Amino acid sequence: MSGFFRPDLRQRAEELVTLYPRRRSATLPLLHLVQEQDGYVSEAGIEAVADLTGTTPAEVRGTASFYDMFHLEPVGRYLVGVCTNVACLLSGGLEMLEHAEETLGCAPGGTSSDGVFSLEESECLADCNFAPCVQVNYRYVRTRTPSEFDAMVDDLRAGRRDQEIPPHGTHSRVKRHVTLRATKEEVAAERRRQSEARAAREAAKEETK
Amino acid sequence: MAVLDAPRIVTQRRGIPDSHSLKVYLDTGGYDALKKALGMNPEEVAAEVDAASLLGRGGAGFPAGRKWAMLRRSPVSYLVVNSDESEPATFKDHYLIEHDPHQLVEGIIIAAYALQVTQAFVFVRGEFALGIERITQAVNDAYAHGALGSKIFGSDFSLDLVVHPGAGAYICGEETALIEALEGKRGFPRIKPPFFPAVTGLYGEPTVVNNVETMSNLPWIILNGGAAFAAYGVGRSAGTRLFALSGRVNNPGVYEVEMVKNTFRDLIYDPAFGGGITEGRNLRAFIPGGVSAPWFSPEQLDTPLGQDEVGALGSMLGSGSVVVMDDTTCVVRAAWRITKFFSRESCGQCTPCREGSGWIERVMYRLEHGGGRPEDLDLVLDLCDNISPGLSWPPAQTTICVLGPSIPSSVKSAITAFRGEFEAHVAHGGCPYV
Chain Z
0 MSGFFRPDLR QRAEELVTLY PRRRSATLPL LHLVQEQDGY VSEAGIEAVA DLTGTTPAEV
60 RGTASFYDMF HLEPVGRYLV GVCTNVACLL SGGLEMLEHA EETLGCAPGG TSSDGVFSLE
120 ESECLADCNF APCVQVNYRY VRTRTPSEFD AMVDDLRAGR RDQEIPPHGT HSRVKRHVTL
180 RATKEEVAAE RRRQSEARAA REAAKEETK
Chain Y
0 MAVLDAPRIV TQRRGIPDSH SLKVYLDTGG YDALKKALGM NPEEVAAEVD AASLLGRGGA
60 GFPAGRKWAM LRRSPVSYLV VNSDESEPAT FKDHYLIEHD PHQLVEGIII AAYALQVTQA
120 FVFVRGEFAL GIERITQAVN DAYAHGALGS KIFGSDFSLD LVVHPGAGAY ICGEETALIE
180 ALEGKRGFPR IKPPFFPAVT GLYGEPTVVN NVETMSNLPW IILNGGAAFA AYGVGRSAGT
240 RLFALSGRVN NPGVYEVEMV KNTFRDLIYD PAFGGGITEG RNLRAFIPGG VSAPWFSPEQ
300 LDTPLGQDEV GALGSMLGSG SVVVMDDTTC VVRAAWRITK FFSRESCGQC TPCREGSGWI
360 ERVMYRLEHG GGRPEDLDLV LDLCDNISPG LSWPPAQTTI CVLGPSIPSS VKSAITAFRG
420 EFEAHVAHGG CPYV
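Protein sequences, first through last, are from chains Z and Y. Last residue of the first sequence: 208 (numbering that gives the first Met the number 0), numbering continuous. Last residue of the second sequence: 433 (numbering that gives the first Met the number 0), numbering continuous.
It is possible that some hints are incorrect.
Below, in silico cross-link-like pairs of lysine-lysine (DSSO-like), each with a Cα-Cα straight-line distance of 27 Å or less [unchecked claim]:
id : chain 1 : residue 1 : chain 2 : residue 2
1  : Y       : K184      : Y       : K35
2  : Y       : K184      : Z       : K204
3  : Y       : K22       : Z       : K174
4  : Y       : K34       : Z       : K204
5  : Y       : K150      : Z       : K174
6  : Y       : K150      : Y       : K35
7  : Z       : K204      : Y       : K66
8  : Y       : K34       : Y       : K22
9  : Y       : K35       : Y       : K66
10 : Y       : K35       : Y       : K22
11 : Y       : K184      : Y       : K34
12 : Y       : K191      : Z       : K174
By construction, these hints were calculated from the structure, which means they are not laboratory data. From a predicted model like this one, the values you see are computed outputs, not experimental measurements.
Produce the entire structure from the sequences given, and follow the hints as far as they go.
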């Protein structure tokens, strides 16, 4: 694993592991980090996550393959998701998906011939007041007509929305910059103190009865 | 006419620019509730929440105070906040996390103090990239402000809060599946009993799992008192609640509504809320509480927006999402798409759900797309009956979690109310609307 993450991401990977009482809990955020570096969940990334979490590559792959957002095969720089679930269906979601297929030249699950765009048929993206809902790299773009969609695609190709929409895999651009306040021993001591205080309060309550 | 006497509680900063920033939050009374709570003892804080009769806003509607009471005796525990909002047509938590993340953080700290928990997690749906950025920033800022970390605001109470990103799985909204995901595993719901993570939760330890909206109500409840909250609404359905309105309405959106005092008619037609059906058309049916809920017909429009009132009519308020279908809506297509959703999102552990959802989806698909047979309607209902025997409400349970037994709701509703339309699909050899 030592060589997998580039230096800045490696530091974050090591920090992530310390945020949880058990290392394996960092699996999902670490897999997001693998996608930030490689654009998808690569085999080398899986091995690196297994090393960091004290599990096996098979266990990490088993977890990764369960979740829709983890792509085990490379995808385009822009992952376009079009929702066709019930609220969007009532507002033209299926028609928007068909239009996206035409514009991008690929079916859901596929990638455009230039490799820039991948398309997915999404389940509800929780933005139903802007139906039909479209996301690019999990950012809401709120293009509700075919022409708005095409203009958005042109903008992405020309790099005009780079500020707003980072490449696929970059999940949160805001990083946690605080570490935990205490060591595990301090946390355990704090809990003991609290449970004693609680017992004392309850005893006092009993007495007043 | 809609009743608008109640204050805006969780949406009090609606419309204020940069409502997600610490500065705006502090300027509008932010973290005052936490300071007040830290001056009370934890039992008093919990008692206020009990008095508020705050029903969990995630979907099941379990009283938050009672959930906490199960925990208060055990010393070691975690607080996990469920922000994995994925029930189709539900987008209220999306609003709260993007527009008022500090209110959520403050609510979490107050809950953690009441429970005397020193480690909390907020599990945010992976598709909420902006939401995750906003709450991560809010957590960073709260630490810097002294509201998180060691000795919060100079008190003896300390808390760490970690933002945990999900990765795209509806089932992780189920609290035991969410805990599995938080442990770094596939999101498989756990076998019950134990029924509550309060008994065996994260890492096998007692854990409370609460919803975003539930937490976001806490600052107001602490500042104004549980009794003030319970004064709004009626009976068990106290306070206000967020409703996510979508589908064929003029003004889809998230609305904060006093419980029970308003009806579905108010929500859909009143200019303060939905403003009526798109293009002035007629209502055909509506879903009262997420796609897991049985549908309502126009006759039920005057039902009050209350948990027990909707429950008495054989459906649920669930996650508070109302989907409006008008006379241009093909109900076969809508029911098929909902089944397709469940089929995609079934985790695959239990046979009735894994197999049943796929079978129903395929039969519904052929009904909508021209391959339907006259016997298909009864076949679909029979498949539904195999997943949840009796097709009663609340549904009978054959599976580890409630995803499976939720599948028949929409299909049964659609066939019962619109059997003629299904038959027309068979006779026409496909959807007559296309």
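Cross-check of the supplied hints:
1. Of the pairs offered as hints, the one joining Y:K184 and Y:K35 is violated, with about 39 Å between alpha carbons and a cut-off of 27 Å exceeded.
2. Taking the CA atoms of Y:K184 and Z:K204, the gap is near 43 Å; set against the 27 Å cutoff, the hint is violated.
3. Distance check on the hinted pair: Y:K22 and Z:K174 sit about 19 Å apart at the alpha-carbon level, within 27 Å; holds.
4. Note on Y:K34 and Z:K204: the hinted pairing holds, with a Cα-Cα distance of about 25 Å set against a maximum of 27 Å.
5. Restraint check for Y:K150 and Z:K174: satisfied, since their Cα atoms lie roughly 23 Å apart, inside the 27 Å limit.
6. Of the pairs offered as hints, the one joining Y:K150 and Y:K35 holds, with about 15 Å between alpha carbons and a cut-off of 27 Å not exceeded.
7. Distance check on the hinted pair: Z:K204 and Y:K66 sit about 22 Å apart at the alpha-carbon level, within 27 Å; holds.
8. Annotation: proposed proximity of Y:K34 to Y:K22 holds, straight-line Cα distance about 17 Å (limit 27 Å).
9. Pair hint Y:K35 plus Y:K66 holds up; C-alpha atoms about 23 Å apart against a cutoff of 27 Å.
10. A hinted pair counts as satisfied when its Cα atoms are at most 27 Å apart, and Y:K35 with Y:K22 qualifies at roughly 20 Å.
11. For the hint pairing Y:K184 with Y:K34, the CA-to-CA distance comes to about 37 Å; that exceeds 27 Å, so the pair is violated.
12. For the hint linking Y:K191 to Z:K174, the alpha-carbon distance of about 37 Å lies beyond 27 Å, and the restraint is violated.
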